[in-house]
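Chemist: Start from chain A and add chain B according to the hints.
Protein sequence lines, in the order shown, are assigned to chains A and B.
Here the first sequence is numbered in the working numbering, starting from 3 and rising by one per residue.
Here the second sequence is numbered in the working numbering, starting from 3 and rising by one per residue.
Hint data in this document are derived by calculation from the structure and do not stem from the laboratory.
These numbers come from a predicted model, not from an experiment.
A hint or two may mislead.
It does not matter which identical chain is meant; a pair holds if it fits inside one copy or across any two.
Said to hold, decoys possible - The list that follows gives simulated cross-link-like pairs (lysine to any residue, SDA-like), each with its CA atoms no further than 25 angstroms apart:
1) LYS6 / MET420
2) LYS380 / ILE437
3) LYS172 / ASP111
4) LYS172 / ASN105
5) LYS415 / GLN181
6) LYS205 / ALA9
7) LYS172 / ALA200
8) LYS6 / ASP54
9) LYS380 / THR367
10) LYS417 / GLU57
11) LYS380 / SER438
12) LYS380 / THR419
Number of protein chains: 2
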Amino acid sequence: MNNKPFAIHPRWIICADNADRILEHHAVIVEHSEITAIVPWPEGADRYSGIDVVELPEQALIPGLINAHTHLAMNLLRGFADDLPLMTWLQEHIWPAENRFVNPEFVADGTRLAIAESLRGGVTCCNDMYFFPNVVADVAAQMQIRASIGLITLDFPTAWATDADDYLAKSIELHQQLQHNPLLTTMLAPHAPYTVSAEPLRKIAALRDQHGIGVHMHVHETATEVADFQNTHNMRPLAALAQHGLLTNQLAAVHMTQLTDKEIENAAAQHINVLHCPESNLKLASGVAPVAKMMAAGINVAIGTDGAASNNDLDMIGEMRTAALSGKCAAADAAALPATEVLRMATINGAKALGIADRTGSIETGKQADLTAIDFNKPELQPVFNPLSHIVYSANRGDVSNVWVAGTQLLSKGKLTMINETDLIANAQQWAQRISTGE
Amino acid sequence: MNNKPFAIHPRWIICADNADRILEHHAVIVEHSEITAIVPWPEGADRYSGIDVVELPEQALIPGLINAHTHLAMNLLRGFADDLPLMTWLQEHIWPAENRFVNPEFVADGTRLAIAESLRGGVTCCNDMYFFPNVVADVAAQMQIRASIGLITLDFPTAWATDADDYLAKSIELHQQLQHNPLLTTMLAPHAPYTVSAEPLRKIAALRDQHGIGVHMHVHETATEVADFQNTHNMRPLAALAQHGLLTNQLAAVHMTQLTDKEIENAAAQHINVLHCPESNLKLASGVAPVAKMMAAGINVAIGTDGAASNNDLDMIGEMRTAALSGKCAAADAAALPATEVLRMATINGAKALGIADRTGSIETGKQADLTAIDFNKPELQPVFNPLSHIVYSANRGDVSNVWVAGTQLLSKGKLTMINETDLIANAQQWAQRISTGE
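Just chain A, with the same shape it has in the complex:
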């Protein structure tokens, strides 16, 4: 924690607040972990004489990006199996590799690599779903990133748990351990309607109400999955989730590429949140979520990268661009998904979906100082007519210069302040060697 107050004076402050303010000649004042003021600068400097000022003369400061859906540890499987049909990819490559290698060491090393990548790309909060969430929580806490830890549940055994009841018992135990952590929150994370059966899903709805925990779940990712479910259960997965009491404003439903207009209307009426993963959906040819329609219906849509095995990066700036571009094309309207909305999807909408909008997701007095600066001082980012659309359409993860989480600077001039990158890279290369040779 940074205990000395300081000011950040960028060229632009893009607030992603309710008024979508873009401020010039202002500074953000940070005390302890919090934004305590946003003041005209240098006019307001008198009140803060002697304060340290971080001068960012060519930078735009935005709320730290929130990666609303990912599987951090899968960074060790980045590019392991590309250009394959979804089921071949999953059944012949990803699942066997996971069965062989996933253990606490794999999860710790993969999560560490993923958090380093996330911070370097301006991400200050990740919503994770993976095995050994206790390990994910430990690594996130060590690395001082904000994270929502997915309390994963499946019907079948893995190295982490033996059956649904075991997953749920471990989930609640971990939730209770993390109760008072300043950076970590939790979400119940039943994997998907086709991997978690009715009884554990009903238990999850009860645990949600008992403990006040949100639910994070893959829903309607592919047409095949929806058709298979319909064949087996004589209803679509969303209808089954409704029966189990899961369609509430505490549900964060990932993917949602296959939706009827009626399902969109119903999702809006139930105030469910959608976690949109455009690059993963395109790469696996799962389809394009009808984002413009969902937004028009009033649904809160956030953006996630998915895991690095299906993307193949955790680059939320690139993901914003893909969301905007694919969303416009799907809507056949170049004015759909404007940059202002897309930045909200990657910041405040993510915070809302994770139930943490009271503390992060926008640059506002009283919120935590989760902040990302993007440097425009390079030929490929000139000229600048609109700093906000510039971030969505022209900037790039490599342009992120500074990142603070809860007031602690974790990236400075593009370099991680607390992590040895050389060690991380060597470790990832050792894992790749093992995974490639199957040993």
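Modeler: Same frame as chain A, now just chain B:
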């Protein structure tokens, strides 16, 4: 020109040759402007004792990327008008700005900024289409990038020419001036079927045959454009181009988002080249070109970024990723547009479309040393299972470390060797000031 021979010894050499070779433990030998050998290394080093060796221990070396369609000078309008419907964007923003500002100074400054961006992103050759192509040629020659200069033609007057005959006279004059330039070639560039009428198009077909120059033209960009043409001419634009004798293997047709199966079959039979611009097509909601179908039919498809006013960058690495992702989704097949094919689209296929595959587009003995190195030594690019798919799905323009054009190093450790970036940025900011205030 670099006259002393040197060797480049990267971790991987990705050749994009007919065998799609990926070599390890090899070096590329460059003498004068040419690749004179690719040899096992260090075994082959004896033959080159005393040679300078560029060691790139964590890099992949690829053929320099070829941006097969762009409007370089429009870099000064990057982000000038986003999130607007196509016709509003064009008629109310882009065209008025062009009418007000386009002159030789604008074209020189915009082209310079764009070439700096291109080199920083690993692009060694651009296929341009813009006003004052003589100025584009001068700037490209000064900056030592390879370029195909578009000899633009329109029906209506601009600052560059008064009518179609004036455009064509200036085109042939410039073509003849550039005949013996080692880095520059030309293409006749009638803007589009809806802006160039039948008579000049027939003259262009004749000039193509007389002078042996290819033709570069926007074709079937949007459904509206095709429908309007059909209403006016009672045929689709491609049918009109066939009547004018333009559908040959010397045509490079940009966009082609609106195609019937019959048109694809015909395009393949005529061996026309397609210049695919996926990000521009998505951003302007023009549609998605049926690339998997075109490739299956045997059409040569290359990739371009389009201009920075509609993209908003000249990032060919990002464009490869978007081409792969959007192509898979459009084909509803995750195995469509595999990375190997997409890299070919951004290198050798571009060279073929521009008629310069004898000298560039792949890493092969006897070709010009147009080379790009990509540095994987960072957390977001680890681990590496397949260096080729890694470039398409994980790498980023900011990861380009070295660029050579015809053996001359223009980028070293991510820095331009011959261009003052500070001056470029200041100049772009001055233009933005003028354009914003309309003065």
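Chemist: Are the hints correct? Go through all of them and say.
Modeler: Results of checking the hints against the structure:
no.	hint	verdict
1	LYS6 / MET420	within (18 angstroms within a copy, 44 angstroms between copies)
2	LYS380 / ILE437	between (39 angstroms within a copy, 20 angstroms between copies)
3	LYS172 / ASP111	within (21 angstroms within a copy, 62 angstroms between copies)
4	LYS172 / ASN105	within (16 angstroms within a copy, 69 angstroms between copies)
5	LYS415 / GLN181	neither (34 angstroms within a copy, 46 angstroms between copies)
6	LYS205 / ALA9	neither (47 angstroms within a copy, 65 angstroms between copies)
7	LYS172 / ALA200	within (19 angstroms within a copy, 74 angstroms between copies)
8	LYS6 / ASP54	within (9 angstroms within a copy, 51 angstroms between copies)
9	LYS380 / THR367	neither (31 angstroms within a copy, 35 angstroms between copies)
10	LYS417 / GLU57	both (17 angstroms within a copy, 24 angstroms between copies)
11	LYS380 / SER438	between (38 angstroms within a copy, 20 angstroms between copies)
12	LYS380 / THR419	both (23 angstroms within a copy, 15 angstroms between copies)
Violated hints, in rising order: 5, 6 and 9; the structure is consistent with all others.
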